[in-house]
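Trainee: Read off the chains here:
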Amino acid sequence: MPPILNISELRKSYSDGFEALKGVSLQIDAGEIIALLGPNGAGKTTLISTVCGITTATSGTVEVGGHDIIRDFRAARSMIGLVPQEINLEPFEKVINTVRFSRGLFGKAPDDAALERILRQLSLWDKRNSQIRELSGGMKRRVLIAKALSHEPRLLFLDEPTAGVDVELRKDMWEIVEGLKADGVTIVLTTHYIEEAEAIADRVGVIAKGELLLVEDKENLMARMGQKQLDVQLSEPLSAVPKALEKYDLILCDNNRTLTYSYDTRAERTGITKLLSDVSAAGLVLRDVVTRQSSLEDIFVGLVHEDMGGAS
Amino acid sequence: MNWTAIKAIYLFEMARFFRTLAQSLISPVLSTSLYFVVFGAAIGSRIQEIEGVSYGAFIVPGLIMLSVITQAISNASFGIYFPKFIGTIYELLSAPVNFLEIVAGYVGAAATKALFIGVIILITAFFFVDVQIAHPLAMVAFLLLTCLSFALLGFIIGIWAGNFEQLQLVPLLVVTPLVFLGGSFYSISMLPPVWQTISYFNPVVYLISGFRWAFFGTADVPIALSLVAIAGFTSLCLLVIGWIFKTGWRIRQ
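So the sequences go chain by chain: U and B.
The first sequence begins at 1 in the working numbering and counts up one residue at a time.
The second sequence begins at 313 in the working numbering and counts up one residue at a time.
Do not take every clue at face value.
As the list claims (entries may be wrong) - Below are the DSSO-like pairs computed for lysine-lysine, each with C-alpha atoms no more than 27 Å apart in a straight line:
1. U:Lys94 to U:Lys22
2. U:Lys209 to U:Lys243
3. U:Lys127 to U:Lys140
4. U:Lys94 to B:Lys558
5. U:Lys127 to B:Lys319
6. B:Lys396 to U:Lys127
7. U:Lys181 to U:Lys108
8. U:Lys209 to U:Lys127
9. B:Lys558 to B:Lys319
10. U:Lys108 to U:Lys127
11. U:Lys247 to U:Lys228
12. U:Lys218 to U:Lys247
13. U:Lys181 to U:Lys171
14. B:Lys558 to U:Lys22
15. U:Lys108 to U:Lys140
16. B:Lys558 to B:Lys396
17. U:Lys209 to U:Lys247
18. B:Lys396 to U:Lys247
19. U:Lys228 to U:Lys181
20. B:Lys558 to U:Lys140
21. U:Lys243 to U:Lys171
22. U:Lys94 to B:Lys396
23. U:Lys171 to B:Lys558
24. B:Lys558 to U:Lys247
25. B:Lys319 to U:Lys108
26. U:Lys228 to U:Lys243
27. U:Lys243 to U:Lys218
28. U:Lys108 to U:Lys94
Hints are computed from structural coordinates only; laboratory data are not their basis.
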C-alpha cells in the first residue's frame, strides 16, 4: 500500500533568509502514530503547516493519499484534519455550531449523527450548546480535536496537543489518540514531551534546525539505544575496582562510592546475580542498588546535542 | 465549486448577524430616523424642492447608500479580519476551498447583511416621507451591486488590516467623506463648477446618482456611466482579491 503521507525534499525559506525546513523527506503509512520530537523552533509546526496548506513550500513535494497538495489540493486536504498548537476558537460560538461549520467547510454534507458520535467520543456532547468561552482550557482543546475530526479525516495532525495541560488531561488525550488509531486514523503528533512519544507513538522522528535527524520504530530505537544501568552503591569508598570484579567492565563513580554496571535487558543472561554475589564475595558492603534505563529523552538529548555540536 | 463550504461560511457569518440582530438593526434605523427628523423635517422644510422632489425624499437614496456602503464594508472587513485576529484563519487556509469560495461565503454574507439594512432603511423612510420608486428593478439592481462591490472592498480592507485601528481607518478616513461628498444630501449640480469637476473623480457620485435615478428618474451623470463605474469598481476589487489569494499576501506565509 502506498504511504498515506509522502514528503519529499521539502524546503521552506522565509523572506528574511531563515531556513525553517532543509530538505525534509518522510513517508508515513496508513494507521500508524508517528511522534515528531524537537526543541522549540526546530521546524515541527512549519512542517505540519506546509503539509496542510497554511504555509507555502519553497521547494519539494508532498502527497497525501497519492494526491499532490498543490495540484490536487481538494482531494489532499479533504483527507487531513489539523489540531493547531494554539487554542484558536471563536469565543462566542456554540460548540456544536463551530464543529458543524468545520464539517461544512471541508465540503461534507451535514450529518448530525456523525457529529454526535465525535462529540460523545470527546466527552463534549453535554457541552454542545455551551459557548466556547465558557469552557475550560482542556475542553477547548477537545473542541479543536472535534473540529479537526468533523469531516472524518484519514490523516490527523496534532501539533503539541498536550502542551500546557495537566497530567490527567494528557492521559485523556493519549486515550483519545489510541481510540482514533483503533478507528484507522493515521496520526502525526508533535511534542516536547518524550514520555508522550514513548507512551503512544509507533515511530519517532527527531527534528532539529529544520532537519529530520532520525525516524525509527520506537521499539527498535529504544532497544538499540536502550541500555540499562545498575548502580551498586557502597558503604565505603574504593580506591580501585577490585580485581575479582574486573571482568564486569564496571565504572567507579560518585567519589568512588558507586560501581556502575551496564547490561542489555534483552540478553538471555544479564549477569546481575553473578555480579552481586561476586561483589559480596569481594567483601564489599552494599548501601543501595539502583537501576536506570535510557529513555527516549536520553536518546533525544544525545541526538540533538550531537547535531548542535556539529553545526557550531 | 465546493458549494457546501460556501454555504457553511455564509451561514456561520449570518449566524453572527442574527445573534446580535437587535444591535444590528436598531442603530441604522435610529440614525436614519434622526437624519429624516433633522434634514427632512427641520432643515428640509426650508429647502426648496430639488429637481421636482421634496428634500426629505431626495435624500432617501443617499441615506440608503450611506448605510449600505458602511455596513457592507464593516461587515465584510470584520468577517475576515476576526478569524485572522483570533487565529481561526488556519482552518480556512487548510480547508479544500479556493479563494472564490472563501470570498463568495464572506462577501455574500456581508452583502446580505448590508442589503437587509438597506431594505430596513427604505421601509423606515416610508414612515417619514412620500417616496416613489420610478424604476424598481433598477433600484434593486443598484442596491445589490453596491452591497456586493463594497463588501468586496471591505474584504480587502479586512485582509490588509493589521489591527482594529486599521480596520476602522479606511471606512472613517476614506469612505465616509466620499459618501458625504458623493451627493448623498445634495445634487452635484448645486455645487460650484470647480467642485462639480472634482466630484466626478469620486466613484460614489456615480453610485448615488444611478440609485437616485432609479427612484426619481433624474440623475447627475448618465445612468450608463453609473453602471460602467460600478462594474469597473467591482472588477477592480475582484482583481485585487484574486491577487491577494494568489500571492497569499497578509494571510499565507
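Trainee: Each hint should be assessed against the structure and marked as holding or not.
Mentor: Taking the hints in turn, this is what the structure says about them:
no.	hint	verdict
1	U:Lys94 to U:Lys22	41 Å, violated
2	U:Lys209 to U:Lys243	47 Å, violated
3	U:Lys127 to U:Lys140	11 Å, holds
4	U:Lys94 to B:Lys558	33 Å, violated
5	U:Lys127 to B:Lys319	25 Å, holds
6	B:Lys396 to U:Lys127	26 Å, holds
7	U:Lys181 to U:Lys108	22 Å, holds
8	U:Lys209 to U:Lys127	41 Å, violated
9	B:Lys558 to B:Lys319	23 Å, holds
10	U:Lys108 to U:Lys127	23 Å, holds
11	U:Lys247 to U:Lys228	18 Å, holds
12	U:Lys218 to U:Lys247	32 Å, violated
13	U:Lys181 to U:Lys171	15 Å, holds
14	B:Lys558 to U:Lys22	25 Å, holds
15	U:Lys108 to U:Lys140	23 Å, holds
16	B:Lys558 to B:Lys396	18 Å, holds
17	U:Lys209 to U:Lys247	42 Å, violated
18	B:Lys396 to U:Lys247	66 Å, violated
19	U:Lys228 to U:Lys181	31 Å, violated
20	B:Lys558 to U:Lys140	33 Å, violated
21	U:Lys243 to U:Lys171	49 Å, violated
22	U:Lys94 to B:Lys396	19 Å, holds
23	U:Lys171 to B:Lys558	42 Å, violated
24	B:Lys558 to U:Lys247	70 Å, violated
25	B:Lys319 to U:Lys108	11 Å, holds
26	U:Lys228 to U:Lys243	23 Å, holds
27	U:Lys243 to U:Lys218	39 Å, violated
28	U:Lys108 to U:Lys94	20 Å, holds
In summary, the numbered hints that this structure violates are 1, 2, 4, 8, 12, 17, 18, 19, 20, 21, 23, 24 and 27.
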